[in-house]
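Taken in sequence, the protein lines are chains U, V and L. No gaps in the numbering here: position 102 of the first sequence is 231 in the working numbering, and each next residue is one more. No gaps in the numbering here: position 296 of the second sequence is 591 in the working numbering, and each next residue is one more. No gaps in the numbering here: position 486 of the third sequence is 1086 in the working numbering, and each next residue is one more.
A hint or two may mislead.
Label pairs and their computed distance ranges (CB to CB) [claimed, not checked]:
| # | chain 1 | residue 1 | chain 2 | residue 2 | range |
| --- | --- | --- | --- | --- | --- |
| 1 | U | 163 | V | 415 | 28 to 34 angstroms |
| 2 | V | 356 | U | 149 | 46 to 52 angstroms |
| 3 | U | 321 | V | 379 | 53 to 59 angstroms |
Hints were generated in silico from the structure; no laboratory data involved. Don't be surprised by glycine CBs; every beta carbon is placed ideally from N, CA and C.
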Amino acid sequence: MIRPARDDTTFNTIAYVVVGSLALFALLPFVILATNSFSSEHAIVTRGYSLLPREFSLGAYRLIFENPGKIARSYAVTIFVTGAGTAISLLCSSMAAYVLSRKELVSRNRFAFFLYFTQLFSGGLVPYYLLITRDLKLGNSVLVMLLVPMFNVMNVLILRNFIQNSIPEALLDAARIDGLGHAGIFFRIVLPLSKPALASIGLFTALAYWNDWWTPMMFVQDERLYPLQYTLYRLISSVNFSAQMVNNVPTMHLPKETLKLAMTVVATGPIVLLYPFVQRYFVKGITLGAVKG
Amino acid sequence: MRVPKSALPVPRGPVPPQGLGRAPAPTAPRRLRLRLTPAARNWVLYLMFAPLAAYMVVFAYVPMAGLVVAFKEYNYQEGIFGSPWIGLENFRFFYESGKLLQVTLNTVLYNVVFLGAYTGFSLLTAVLISEMRGRRFKKLAQSMLFLPYFISWVTVSAFVYNIFNFEYGLLNSTLRAAGLEALDIYGHPALWYLLLPVFFVWKWVGFGSVLYLAAITGIDQECYEAAMLDGANVFQRVRYITLPLIRPTIVVLVLLGVGRIMRGEFDMFYQLIGNNGTLIDNTDIIDTLVFRSLVGSQDFGMSSAAGLYQSVLCFVIIVIVNQAVRRYDRSHALF
Amino acid sequence: MKRKIVTALLFLALAGTASAQETKITGYLLGAAPAGMPDVVSALNQKLKPDLGVTAEINYIGWSELNSKYPLVLAAGEGIDWIYTADWCQYAQQAARGAFKEITLDMVQKYMPKHYAAVPKHAWDQVKVNGKIFMIPTSTPDRKVPIFVIRGDLRKKYGLPPVRKFSEIDAYLAAVKKNDPDLIPMNLDNGYDLGQPFGALFNELVPANYPIQISNNANGSPFLGEYENPKRAVHSILEEPYAVAFKKAASTMKAWYDKGYINKNPFANTVLSRDSFAQGKSAVAFANSQNIQETLAKADQAGFEAEIIPVLSRSGTYPADPFTNNAVAVAASSKNVEKTMQFLDLIMEDPAYDYLVYFGVEGKNYVVEDNKVALPPGVAADKNTYPPDAAGFWFTNKDLFKPLATWSPAYVALRGSVKGMLFNSYFTGFTFAPDKVKTEVANLAQGWTQYANPMYVGAVPSVDQSFATLGQKLKAAKVEKVLEEIRGQVADFSKGR
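Please construct the entire structure, taking both the sequences and the accompanying hints into account.
Structure, rendered in structure tokens:
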């Protein structure tokens, strides 16, 4: 039995103070944004943000949900793209990470460089755009929204690092002696033991997909395929535009500042629910007993 | 009781479990199901690597050929490969701007500070969260730390304006109510040397702490149990087990950050600073200078030239740093 | 599963045959499709089928991706027949790079007879780049002048005389600052408003002039053209009398800034002065005579007694908007040039088509009553699924339209009075094509943004010093060389006018 030492109390105090303040620092702006999204445009423009909405108004939310079918469809597209994209990305990235961690592959560092080089040099937007729209004809499809954000070399390298450092070679040697090939080792041993890394990289990938508005902006014209973030983003742009340029549109009470805030709340909501689900993988003891017996 | 440092394992790479785990059984070799030479066995590895490699070739290497547009005068009808060569002309605006050195230095310095602060705070948070008690608080705190990721820089900028603006910002209203003088935050360049790293850390610490937390979670519990049996307290456990064991992760993440040292977080700088002439000299990075110079002309050649400049510098720096790390410990290097 | 495959194949076959029969004309507009767009497009296609045998498809390029996506769409050249363009929307740059198809007047006469008749001959001179025509200009350019609006109720309350010129508002600003602590006298945003007050002051001190844009996104320019000067003078800001006038205007702005008449942090402010004016937060609004309508309506509601003062040159004129300020261009990669031009002729000049694309479906989005265009009964303004102007068809012939019912008499009067102020000169429609001096222009644009814009709002420690620095930076960016290039282009452009 471990006695809680005095140092433990000191540590916990420090921990609560530091983590607590950081968490509060991170939370506070979000809370202010959320409460002010329920404020009227008039109050925001004249008096700025406040801790409690001075004039309660659902104007921004009404505008967003004006067309509930559209929002629902955007949610559906986003959920599909996020789910499918994350799954495929995780599978291929972790496979590649496993390969990169194998010492018997003499050229593994060259493979790693092959991947990393793409992070350094890029042809830029023009060749990429031409490739996707003109050569591969991927424009205007769900496929393009899946493919463009799919892989990030940094994630692969982080996964490789995790496999190298947290999965004992002895374990894999034992498996090899038992007759498992690479594929078997990967699926039956490496993957289950990599849950923390997979959870974190999976989370990042899912978030990247969830927040991706650039891909549909560049490549998708069909409104029915617009994911959530892009739908909201366009709402803001059109509201800003109609206030600036347009001569004849009576836009008496269009919420602009509050719209930005409401947009953040609507877009964030669902994914924040994903995070607690993922958190259970960040519990110590995952690798406990893996080497035993 | 203080535990002498030498008694604790100083790990390099994966930690061999102490006294546990099965050594390969020294019995007669069993008949292996797969009898292949090592080279041939690797075909499975190649296959596993193939999807990612194919993706990279198609989506990264093929467009990379377009880098040549940095040396060309791009014409729509002739396309990338048909347009005429103009040598280094596209780079001229950059070195004639008189700001090349300033923005390069700013980019590097800001990124170094960002990387240091981000790594420091992420590590601190991850270590604290992994060892502290209070399961619900930990989970809640982690979720909260993640929220800034969802707030776009556009929204942050509007938010910051509402706090800092001179006329009715929250900060200045409070100061005036307390009888103090209002502060013109946007008019004091030096303040932003502090503000920008704060914003950067605020936005990304959730991310970083998750990564380090995952690495910490991957440490074999046996080490901690052994240490606790030896009487180590939490500070010692952190110092002699946790930190050394996640050092490879720290090195990888720092290296990845160094590899991006010439690329700035454009959105943050552009949304927060924008075209504020008072602040520009102190906060200008390569990306914002290029944007301001080229935004009206959409010249592909010139923007590609600027990108190439950043890429080449990143490349040189990361290769040098990676080599240095390799000399220290081969397994810590990126490639 | 098998049934699904068969159904899918059937769909493909049908789609294949369908598209093989009809020509599709794809166009790009700016902004975003309004909610009622699908109905309008299907109504449009219903009319187009018997008239022209084509189907139209409209895609949009959003405002925030205008800079990145507009050139990409042209570069890809895939599935694009026509695109919106304008002198302020990259026309000269893209034309010089071969993005648009060259149009001859014969083509216009043949395929767009109505439009050919509606556009005056001198308009075609305005659209030439390197002597060639690449765009089809609107037949009805905007008629607007910049204006500023003050609160009549406050002016009368403080007993101040009416304001006729911008420099006369000093007393008004002082009074507001002293007596209304909740109001910001002038609240400028970081885009539209930034250069307006400065520009108004500057123009009172020098001959009638207009800035020559070197970059679509720089606020202002170091070059200007004297549009009333028969000698076709083009100057840089470093020459006299402009340098002195610049410094004087900047000094006034700085005095106002130091006294607190201007918001201290305009560069971070995204709220337009018209909006904060309408919300009762500030005392001066900047706009032009066309887009002020909404603000006027709100001000009336709040009892502000908005007083409109046009911002004109010393001689009381303002350069007319050229015919290039709203236009379309045919993409160089288009495969249906004739059909595209015929289609454009219909939507630009045929009243039935014109009303359809601009106002929407009759009965659903608008009705005509009392010789005015009004909303259908029971449809509120913000519920209209197809507000006029929102769909981006601004290049159509607006003279064909009846006035809108929502225009207040004051607004209509304003629109009418503007005509007399507009000045058509040798210079109207000139857009500078920077490709020969693109490096210098990039640095000039950067330098102007960094060093001149702060002087616009008075946020500098010393005007003389800042102006000296600006001069240095401009000279280092070879301002003289670019000036020569501009002079050459203006001379070519205005030959024989």
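Hint-by-hint comparison with the structure:
1. U/163 / V/415: 28 to 34 angstroms: Distance hint for residue 163 of chain U, residue 415 of chain V holds at roughly 29 angstroms.
2. V/356 / U/149: 46 to 52 angstroms: 47 angstroms, holds
3. U/321 / V/379: 53 to 59 angstroms: 58 angstroms, holds
The structure shown violates none of the earlier numbered hints.
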